[in-house]
Amino acid sequence: MKHLRHSPKPALLLGSSGLIPFISAPCYLIMSQTYLHHIAFAQLMYGATILSFLGGVRWGYVITKDELLNWFNLGYSVTPPLIAWIGLLFPFPIGMITMISGLALSAYFDTMLRGYPPWFKALRFTLSFFAVLSLWTTFVCRYLLDHPQENRDELTNQ
1 MKHLRHSPKP ALLLGSSGLI PFISAPCYLI MSQTYLHHIA FAQLMYGATI
51 LSFLGGVRWG YVITKDELLN WFNLGYSVTP PLIAWIGLLF PFPIGMITMI
101 SGLALSAYFD TMLRGYPPWF KALRFTLSFF AVLSLWTTFV CRYLLDHPQE
151 NRDELTNQ
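For the sequence shown, the UniProt record's numbering gives the first residue as 1, with consecutive numbering after it.
Please note: incorrect hints may appear among the correct ones.
As the list claims (entries may be wrong) - Once the Cα atoms are required to be at most 25 Å apart in a straight line, the calculated PhoX-like pairs of lysine-lysine come out as: (1) Lys121 x Lys65; (2) Lys9 x Lys121; (3) Lys121 x Lys2.
No wet-lab data here; the hints were simulated from the structure.
Fair warning: this is a prediction, and the values are worked out from it, not measured in the lab.
Sequences are here, hints too, so could you generate the full structure?
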C-alpha cells in the first residue's frame, strides 16, 4: 500500500472516479431505506463492465511483452469478461456473488502476477477493495431494506 502514493495523478484520479457508480448505489439504497432492484442491477452491470475492462488491461499489457505472451497470461486476460458475462446471466443473489468473487479474484491475481509496476498493484488493490465492498453492501441491502410493491414483482421473478 505504500506504493499507492507513487501512482500517477491521472491514474489515481480517474481510477477513483471509477468508484462513483459502485459507491453511489449502496449510498442511495441506504439513504432511501429502500432496496430498488434496478439500482442494484445497474451496479451489477457496471461491475461486469469493469471486470471486462480489467481483463483487457491484462491483454494490453501482455501483448507488449514477448516473454509474457503465453497461454496462461492470454487465457487469464479473457477469464474476467467471461466471469462478468456469467454473473449477468445468473439471478440474484448468485449473479452478485459471482461478480464480487470475480472482482476479488481478479484483484488478487493481478497483484500476484509479475509485470505490473508496484504503484499499479497498490491502486488496483485499493480500487477493487472499495468496488467489492460496495457490491457486498448492496447485496446486504437486498435482505435488510424494505422493497416497494413494484420491486417485489421483479424480485419474485428472479
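List of violated hint numbers, smallest to largest: No numbers; nothing is violated.
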